[in-house]
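Peer 1: Residues per chain, in single letters:
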Amino acid sequence: MTLLDAVLFLPLVGFLILLIAPKSISRTGALLFSLIVFAISLGLIANQSLSTNVPWIDYPPIRYHVALDGLSLWLVLLTTLLTPIAIAVSWKYIDHRVKEFYAFLLLLEFGLIGVFISMDLFLFYVFWEICLVPMYFLIGIWGHERRIYAAVKFFLYTMAGSVLMLAAIIFLYNKSGTFDYTEIVSQLQTGRLVLDARTELLLFLAFFGSFAIKVPLFPLHTWLPDAHVEAPTAGSVMLASVMLKMGTYGLVRFCLPMFPNAAHQCAWWISALAITGIVYGALVAMVQPNMKKLVAYSSVSHLGFVVLGIFSFTQQGLDGAVYQMLNHGVSTGALFMLVGYLYERRHSLEISAYGGVATPAPNLSIVFLITTLASIGLPMLNNFVGEYLVLQGTANVSMTWTAFAALGVILSACYMLWLYQRVFYGKASEGVAHHMYDLTSREWAAILPLLALMVWMGTYTQSFLPPISAQNARILENTQKLKVERVQNQTPEVARGQ
Amino acid sequence: MDSSMLPTSAEYYRILPEIILTVTGTIVMFLEAVLSDWQKRIFAPLALAGLTASMVAAIAANGSPGSAFHDMLIVDGFATFFRVLVIAVGMLAVFASTEYLKRESHPGGEFYALILFSVAGQCIMATANELIMIFIGLEISSIASYILAGYLRDDARNNESALKYFLLGSFATAFLLFGVAWIYGFTGTTNLAEIRRQLEMPGGPSLLVTGTAAALMFVGFGFKISAAPFQVWAPDVYQGAPAPVSAFLSVGPKAAAFAILLRTYFTAFAPAAQQWVPVLWACALATMIVGNFAAIQQSNIKRLLAYSSIAHAGYVLVAVTAHSEIGSAAAMFYLAAYAFTNFGAFAVVTHVARKGERYTKIEDFAGLAQRQPAMAAMLTIFLLSLIGVPLTGGFFGKFYIFKAALDSHLVWLTVLGLLNSAVAAYYYLRILVVMYMKDPEPGEALPAAGPALQIAVYGSAIATLVLGIFPSFVLDFASKAALK
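Residue numbers (our numbering), protein chains in the order written: chain A, 1 to 498; chain B, 1001 to 1484.
Heads up, some of the hints might be wrong.
[To be verified] Which chain A residues face chain B? A few, computed with CB under 10 Å, are given here: (1) Tyr125; (2) Val126; (3) Phe127; (4) Ile130; (5) Ser162.
[As the list claims (entries may be wrong)] In the DSS-like style, the derived pairs of lysine-lysine whose C-alpha atoms are separated by at most 30 Å in a straight line are: (6) B:Lys1164 / B:Lys1361; (7) A:Lys99 / B:Lys1438; (8) A:Lys153 / B:Lys1361; (9) A:Lys153 / A:Lys293; (10) A:Lys427 / A:Lys293; (11) A:Lys99 / A:Lys293; (12) B:Lys1438 / B:Lys1355; (13) A:Lys92 / B:Lys1438; (14) B:Lys1102 / B:Lys1164; (15) A:Lys92 / A:Lys23; (16) B:Lys1480 / A:Lys175; (17) A:Lys153 / B:Lys1438; (18) A:Lys92 / A:Lys153; (19) A:Lys92 / A:Lys427; (20) B:Lys1361 / A:Lys99; (21) B:Lys1102 / B:Lys1355; (22) A:Lys99 / A:Lys23; (23) B:Lys1040 / B:Lys1102; (24) B:Lys1484 / A:Lys175; (25) B:Lys1355 / B:Lys1164; (26) B:Lys1438 / B:Lys1361; (27) A:Lys23 / B:Lys1438; (28) A:Lys99 / A:Lys153; (29) B:Lys1438 / A:Lys293; (30) B:Lys1355 / B:Lys1040; (31) B:Lys1102 / B:Lys1361; (32) A:Lys92 / A:Lys293.
Worth flagging that the hints you see were computed from the coordinates, not collected in a lab.
We treat Cβ as the ideally placed atom computed from N, Cα and C, and that holds for glycine.
Start from the sequences and build out the full structure, keeping to the hints where you can.
Peer 2: Below, the structure written as structure tokens:
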């Protein structure tokens, strides 16, 4: 039982306690629990190489194998940080079926942490699916008008993608005799497990399809705006900040090292889709009349950068992609919170219902401005670092792609600043003036950690980047090495064939 | 009389479970005539005692495996697995129906006796080692089921259900019997192992003959497992029959029918595998597709679960199609997981339906999560297991089935099957949506579930979760007991 297991299982314990505890304490209890989990998870920074590996099911040999490394560390911390924040933003907003709501949030935290630390493919799949259930209920029960449609769409999209991944996992097991990720990678590297080109491509596509839906990569993104618009604030925050990262995390962790040849082979069209997503997401965001939809489409655009960085196969590109995952978690999470704050006051998500908010709520508008600037990649704030690294990594591969991707940065400034202008400037209408009030202390408490992170991650990357880079270097090395060795292995056979 | 013709005590020991079940059932029938109404309350405990004793006997018999009565029956791990499973289902059926019968003002001993007889028939199916025993077991089980389906004799739907089940069932059994006759005519034996030997011999019966016989028998089996295209009866029967009986029919007889299907095709017809595997391939796919796509259209939850149980038969057929040891183990595990899951789901339906089963529309589940959160949570577990979400038995079952299929290089069947299970998620989600995301409609109050029904529901839920989180025990047993 290591610290890592504690961080994983405490939310589950919290979930079970909440189910049986009386309703009156569920809100406080959930907050307390999630804060404890966060406090414990901070201990992971000091101890970055924890792992547990014990058998779960004897045959087929499925193991409870969880481990921490530079890639998963910050994603786990992002999850444990955002859960108490999501609970805090729901404090007033959720007024019916309170107990289930907070229980589901803790269950979601359990699933998300599990996804990021599983080193056994089967275990990974288990957590991957577990995440679906609480989010489905969060959207479906506490969402807005079209919540049911959005919840079902979300579930079915993800499910359809993941069944193919399950088939691929079983196939890999049948070939290699193990579900263990590290074991499979080492078998691939030593040549004990050889996949022919066609098989590798199909397996890659099965994994990739499932991750691409989750990211979501254009053109598989259509579930995202629906889910975001209909979800309650906490749901949107968790969905945008953490859940989307499951997809990009999967790409880095599984798709690259396990199927390097196929990844290289497909990189051109994946990058093309990513760039299409960047530009398309930004253009669609620009014309949205609904704030949440706008932020949702901006997510499609931002995550295009992440995918582009991953498939540049360069150190900077990959570092930027992983850094951008965290950035997007912080800044888009904050944006969804702020939109939620506005909604709680005015009860509308339409941009046209606002205007002149800065006058009655100056602090809110300042915070929104900082978040907006972070989101559009202003230097000294977090997104700039990620986007810069991605663009530089891509530039090493193709200047044309970089140019198109950079277009996305410009467009993001357009739609975000325009949004800011329409919501906060101008003369306050009577409805706005009547409903609007400034940030409460609870709202401050929820947003402050994210603001601090935006600045910290934008100015002092040294605190975050070294473990990421180290892990990325290993992943890239695996990806390259395998490619070379495979070619060497094949040569004698080819010679013999001739 | 030659003393070697007399059965030995070991042989009686091996069929002790069936003996106990039959004797208990007969006692219940007798007491029905002599006891006063007040005393009839002992029937349910008596039936449970009989089932428990027979389960103990079935487990004990596994300690001395072997054949009995001139190889007509065989006790091995495979038989024990299915015997324990169908007896457990019988217990759940008793728990789920006591309060139901009281509610419908139809208490009576014959209900329990019929359950016991049906389970006895299924146990014989599990142990049958030759075609006549298979037929006898099937008939004992079926005839009891036909009556159970029409148990509330004043109810028109019950009558329709029973009649349909009986007519179509007899028709299908006739095909089975015809196939048996063919096989006997060409091989001169009904023993499964002997048939296999004959078929393997050079100059044995031609493939055409064997294939025709196997196909005829599959009509009978396919009816019992509700495989397409022999599935049309299932929705009408499950909808019309009393809810606890639908629960029982959708799992117990189905598991036993799969047992004989596996036994016959993996033993007797193994030499003709190349011929029947493609047929089963198509049948499995058709069954999954018919079940899932028809279920999407349903508004009655009993019908929906009926179509879903057709689809699940399709998944098990995928494992049979794999025609391997692991395929057999996967089918066994899946049937166990499915039995508890589906029974539990029907048990909750029994509860929500209320007196006269007037509330069986999906909309009638609206707001169940607010009215009775515990029941809603249990149904959620069952539905998630039917969808195949991890940590439930249904997920592991699907996982093992598709693993077996990939082992046997059935890549397309696996992919199509998995996509099917994604389609299936849609209609199960509809029930979740109604339960959790719709507000309860004002109407008749929903009384709390009685203790016996609660045992059935919670017991099924616990079994579903245990099979999903700690499947090792059952899986190890299934792997060791699997047919080679």
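Peer 1: Hint by hint, which ones does the structure fall short of?
Peer 2: Violated: none.
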